[in-house]
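Use the sequences and the hints to build the structure in full.
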Amino acid sequence: MQSGVSDHFPIIVNCQQRINLHPKTCRLYTTVMEQQGFKDIVQKVWRRAIKGDAVTIIWARLKQLKVELKDLNKVMASYTTKLNKAKHRLEVIQADISRDLFNQDLSDQEKVTMLEIQKGIMVEEKVLRQNLELAG
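For the sequence shown, counting from 1, position 25 maps to 25 in UniProt numbering; every step adds exactly one.
Hints in this document: simulated from the structure, not taken from any laboratory.
This one's a predicted model, so the numbers in the text were calculated from it and none came from an experiment.
Ideal Cβ placement from N, Cα and C applies to all residues, glycine included.
One thing to keep in mind: the hints can contain errors.
Stated by the list, open to error - Heads up, simulated SDA-like pairs for lysine to any residue below, C-alpha to C-alpha not over 20 Å straight-line:
{"no.": "1", "residue 1": "Lys44", "residue 2": "Glu34"}
{"no.": "2", "residue 1": "Lys126", "residue 2": "Met114"}
{"no.": "3", "residue 1": "Lys70", "residue 2": "Lys82"}
To be verified - Quick list of the computed label-pair ranges, beta carbon to beta carbon:
{"no.": "4", "residue 1": "Gln104", "residue 2": "Arg61", "range": "18 to 24 Å"}
{"no.": "5", "residue 1": "Asp100", "residue 2": "Ala135", "range": "44 to 50 Å"}
{"no.": "6", "residue 1": "Ala135", "residue 2": "Thr56", "range": "29 to 35 Å"}
{"no.": "7", "residue 1": "Asn14", "residue 2": "Asn131", "range": "47 to 53 Å"}
{"no.": "8", "residue 1": "Lys87", "residue 2": "Glu133", "range": "23 to 29 Å"}
{"no.": "9", "residue 1": "Val42", "residue 2": "Glu133", "range": "20 to 26 Å"}
{"no.": "10", "residue 1": "Asp53", "residue 2": "Lys111", "range": "54 to 60 Å"}
Take a look at the structure:
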């Protein structure tokens with residue numbers, strides 16, 4: 001090699017970008033599976049043409065399914081907020097009923113709200129049970 005000539009090449013290394021080697025796991029709650037539209041989303045994702053070996057295809061489909069179910073998961077994640085709002089609404093309705101005992105509209109609102117609360121409690125219970133199973 002001639003003197004003054006280097007056989008090294010400069011390289012730029014980006015050290016600030018972090019690669020997440022352990023991405024956040026996808027939790028699929030049974031309550032999400034019971035939601036309207038869940039089956040359609042799964043069928044839509046599973047029918048997409050993906051090339052590769054069997055493991056790659058399943059991995060790609062599950063990854064796409066996670067993205068597609070994000071909105072449905074957000075709806076289910078807000079169940080506690082909905083439940084608390086329904087409980088507060090029931091308190092207001094019952095206070096109004098105590099002032100107007102024969103108001104049929106208020107009575108109907110109370111029934112609807114109580115059913116909403118009952119449904120919310122069932123969802124909450126299922127989520128808590130599933131979390132316990134995952135933790136234990």
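Q | Hints not upheld, ascending by number | A | The structure breaks hints 4 and 7; every other hint is satisfied.
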